[in-house]
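Required output: the full structure, derived from the provided sequences and hints.
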Amino acid sequence: MRKFLVILDDSRECLNAMRFAAMRAARTGGGVQILSVIPPEEYNHWIGVGEIMREEARERIEAHFEVFAKWMRDRQGVDPELVIREGEPVPEILSQIRDDPEIGILVLGAGTDKKGPGPLVTQLTKSSGTLPVPMTIVPGGLSKEGLEAVC
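One rule links them: number in our numbering = place in the sequence shown (from 1) + 527.
It is possible that part of the hints are untrue.
Said to hold, decoys possible - Here are the simulated lysine to aspartate or glutamate pairs, DMTMM-like style, with alpha carbons at most 25 Å apart:
1) K597 to D640
2) K653 to E629
3) K671 to E608
4) K642 to E583
5) K671 to D640
6) K671 to D536
7) K671 to E582
8) K597 to D537
9) K671 to E615
10) K671 to D606
11) K653 to E615
12) K671 to D626
13) K671 to D537
14) K597 to E608
15) K653 to D640
16) K642 to D537
17) K653 to D626
18) K597 to E672
19) K597 to E582
Note that these hints are calculated values from the structure, not bench results.
Have a look at this one:
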């Protein structure tokens, strides 16, 4: 089964990427894998404090995942899987793609502010010619109706 890999983070554009991945998976018989990466700066503290922060980050990720997963199951009939990795986001995304041969498409949401599309889109488009899978960039400002029209 082809999986759409979508990144769960705290960005606003993440929502449209999740919607797009779920709609495309539902329409093509694919699956959705949601990846969240805990950056190293979040847990590089004293051992005890670092462990507590790591656990809190995981709990926050799992809570956000459940919101998206419920919507995907209820509205699209897609049961996503959650993967949590620790490290720098771009290398971890690339590692996840290499580690799971069923991943067929990377889905990213593009930001709408004046700073640009966001750090993941910026970094990954620079190496898009060497990515092992196609990348779909979903505009953060696209409406639900617009998403439905293109899916």
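So, going through the hints one by one against the coordinates:
As the CA atoms of K597 and D640 are separated by approximately 29 Å, the hinted pair breaks the 25 Å bound. The hinted pair formed by K653 and E629 meets the criterion: a straight-line CA distance of about 24 Å does not exceed 25 Å. A hinted pair counts as satisfied when its Cα atoms are at most 25 Å apart, and K671 with E608 qualifies at roughly 23 Å. Distance check on the hinted pair: K642 and E583 sit about 29 Å apart at the alpha-carbon level, beyond 25 Å; violated.
With a CA separation close to 19 Å, the supplied pair K671 and D640 stays within the 25 Å bound. This hinted pair checks out: K671 and D536 have alpha carbons roughly 20 Å apart, not beyond 25 Å. Between K671 and E582 the alpha-carbon distance is near 33 Å, which puts this suggested pair outside the 25 Å criterion. With a CA separation close to 18 Å, the supplied pair K597 and D537 stays within the 25 Å bound.
For the proposed pair K671 and E615, the alpha carbon gap of about 31 Å is over 25 Å, so the pair is violated. Pair hint K671 plus D606 holds up; C-alpha atoms about 20 Å apart against a cutoff of 25 Å. Taken as a hint, the K653 and E615 pair is honoured in the structure, with Cα atoms around 16 Å apart against an allowance of 25 Å. A hinted pair counts as satisfied when its Cα atoms are at most 25 Å apart, and K671 with D626 does not qualify at roughly 32 Å.
Only pairs whose Cα atoms come within 25 Å are accepted, and K671 paired with D537 is accepted, the gap being roughly 19 Å. For a cut-off of 25 Å, the pair hint linking K597 to E608 stands: about 12 Å separates their Cα positions. A hinted pair counts as satisfied when its Cα atoms are at most 25 Å apart, and K653 with D640 qualifies at roughly 20 Å. Proximity of K642 to D537 is assessed by CA-CA distance (about 16 Å); at most 25 Å being required, the pair is judged to hold.
Simply put, K653 and D626 have alpha-carbon atoms about 22 Å apart, close enough for the 25 Å limit, and the pair holds. Restraint check: the Cα-Cα separation between K597 and E672 comes to about 20 Å, which is no more than 25 Å; the hinted pair holds. With a C-alpha separation of about 22 Å, the suggested pair K597 and E582 falls inside the 25 Å cut-off, and the hint holds.
In the structure shown, a violation is registered for the earlier hints numbered 1, 4, 7, 9, 12, in ascending order.
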